[in-house]
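Engineer: As given, the protein sequences belong to chains H and V, one line each in that order. First residue of the first sequence? That's 207 in my numbering, and the numbers climb one at a time after it. First residue of the second sequence? That's 1484 in my numbering, and the numbers climb one at a time after it.
Quick caveat, the hints were computed from the structure, so don't treat them as lab data. Hints are supplied without guarantee of correctness; some may be wrong.
Okay, derived cross-link-like pairs now, DSSO-like style, lysine-lysine, Cα gap no bigger than 30 Å in a straight line [to be verified]:
no., chain 1, residue 1, chain 2, residue 2
1, H, K471, V, K1626
2, H, K471, V, K1858
3, V, K1546, H, K471
4, V, K1546, H, K474
5, V, K1597, V, K1573
6, V, K1858, H, K325
7, H, K474, V, K1573
8, H, K309, V, K1852
9, V, K1852, H, K251
All of these numbers come straight from a predicted model, not from anything done at the bench.
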Amino acid sequence: MISKSPAYFLIFFFLFFTNNMRSQVNIMGKPGYMTTPSAAWFDGKQLGFTFSYIPGEYSENILYTPRITTTDTPLSFYSVRADLTSFFEVNISIAYRPQIANKIGVGDRQLDFRFRLLKEKDLWPALVLGWTPPGSVSPVLAHDYLVATKHFNTSLGNFSATLGYGSPYIIVRKPKGNFLELEIKKKEDYLEVKYLTGFYGAASYMPLSFAGIMIEYDTKTINAGAFVKIKDWLYLQAYTFEGKKIAFTTSMNFSLDFSPHTLRKYAKDLD
Amino acid sequence: MQKIWIKIVFCFFTLIVKAQDFKENLYDAGFENVQLIEANDSLAVFFEHREFRIPYHGMQLAKLIMDNSDAQGHNKLSFIPIYHNVPIGKYNAETYTYSSLSQLETEAFQTHNKVLKNYRLSLRIQPELIARFGFYTDPFQTKFNINLDSRIYLARGLSFQTGITVPILNNLDNQSLQLRPAPSMIHYFAQPRDHHFVSLSLGSFYNNRYGIDFEYRHADLSKRWSFGFAAGLTGFYWLNGLGLYNEPLDDIYLKADAEYRLPFENISFKLTAGQFLYKDKGVRFDLVKQYAAAEIGLFASATNIGTTTGFQFAFSLFPGKLYQGEKLEVRTTEEFRWEYTYNNFEPVAHDFRLGMPRLSDVLRQYNQKFISSLK
């Protein structure tokens, strides 16, 4: 692995380059800010694990489940993200309500896809389509959106800006219907949720190499917070909903193209 | 004149000594059944490295060792990775181009393949996690065991795998936490003709199945397509410590598949159709992405019983080697695989594990296009 050829310098250069890449995620572990998803793409970090906590008072904003009467309990998300190709990403998450787990079980399981439509260029933003495949009779966490993100690296620090549009409709499978018996419903009527329907926006500013601040409008509330890069692969985020209650997210994002321990150790011992 | 002869003889001996050193260096680094076949200025290195999930890492380590030993000087170096005591194919050390073995190489392997002498006793730590999510009273029902097992080679391609299961946790069913024998089987693996692989297993398997399992796969490892066929006759068994309960051997599964590797991104599509476990007829579609350190897949199945979708992943457990001596090694498993299915009420398109990867999962790692994409 480690030799003196120029190719390895290139690899090291690439690692250094990706070190500077931000890997902020939203509550469900998708590249994003607090509750909003962005169009960022974590090249070279194909796998991610995220845990998020949302206070009870605001958990209904994100996940209102019609069949449960008391949804104002704290909500946790456990999510996994995997880049299957350089333009296709899969997110899997569980929405767990620890206080009423004995009533609702493990919570809603969710599968989402992200498609990278455009890579970010000097003057052009990144463009991503987020899609929840239909098939659930109760798609309480379905998010379909189109989002653009642009990063600006300046001498004052790194900025990012995001503008997205969340679909106001969801596709619901008819109860006891098969996979194809679907109907389109208005999200606001069906779920009584306004989160991520219509235009949303977010921005972040990273004046330090290891920390930054962010603000967003998720079509329901305005949220603001801070993030800290503890390690290149480990991020902590804390944020408030309307300046009232605190939520947090912790995420780990790393590469899947590494060598086994034995091989790395052997290469290291040679040096 | 005499001086030249002395030089030639001297060079010849140093080459032999260097080759011998290289062979020992490889063995010391965890390689087994190492054989060096030299001809003119080419060198073919046969090896098995059981700690690594993909053969590329074995070749990488062998290259590192070679670069740092005196065994250089061959213009054409190639690797012949061995899996379960069967050489899979020959890979050029620079380009990773695959070719099948020559008659000479096959014969040389057979001559030097001493199954008892060339291997260590390899003790493997193989965790087993069975989980079911979603029941209201107990959202995370899990059963977690650690299997300590070993594979012992008996003859060419013929091995015996056995060990003990140490149950750690069980709130999934009423199987006791007493120690019990781990799945134990006689296994035969062969490549009777180039690109044709067969695997036959007889014994007790994972997922409480016992019986006989047969797999055949046609895979030219330089091509994108591969085809497989698998069949088995199994029954249910259950061990509480040494207490055995078993049902008759009466469940036949029979299925065929075709797999295609996309020209980019190391993605393969696989379509499997036939009769799965519990006489369940239907199809399963798989999308598999290979990374150097893991494999991640999505799947969807539709059968008589119902429909489901889910994902799977596989990786080698950290740290790999725990202890390695002349005749013994203790290591974590080369492949931990876990599958999640959304439909946890109905056994849609069920399969069982053998305690080693299925043929398609093994051979996918040996595809020339995958290996050369990693360099």
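Engineer: Against this structure, judge whether each hint is valid.
Structural biologist: Results of checking the hints against the structure:
1. In summary, the hint linking K471 of chain H to K1626 of chain V is not supported, as the alpha carbons are separated by about 33 Å, beyond the 30 Å threshold.
2. Taken as a hint, the K471 of chain H and K1858 of chain V pair is honoured in the structure, with Cα atoms around 19 Å apart against an allowance of 30 Å.
3. This hinted pair checks out: K1546 of chain V and K471 of chain H have alpha carbons roughly 15 Å apart, not beyond 30 Å.
4. Restraint check for K1546 of chain V and K474 of chain H: the C-alpha separation of about 15 Å stays at or below 30 Å, so the hint holds.
5. With a C-alpha separation of about 20 Å, the suggested pair K1597 of chain V and K1573 of chain V falls inside the 30 Å cut-off, and the hint holds.
6. A distance of roughly 25 Å separates the Cα atoms of K1858 of chain V and K325 of chain H; the hinted pair therefore holds under the 30 Å criterion.
7. For the hint pairing K474 of chain H with K1573 of chain V, the CA-to-CA distance comes to about 28 Å; that is within 30 Å, so the pair holds.
8. Note on K309 of chain H and K1852 of chain V: the hinted pairing is violated, with a Cα-Cα distance of about 50 Å set against a maximum of 30 Å.
9. Restraint check: the Cα-Cα separation between K1852 of chain V and K251 of chain H comes to about 22 Å, which is no more than 30 Å; the hinted pair holds.
The structure is inconsistent with the numbered hints 1, 8, although it conforms to all the rest.
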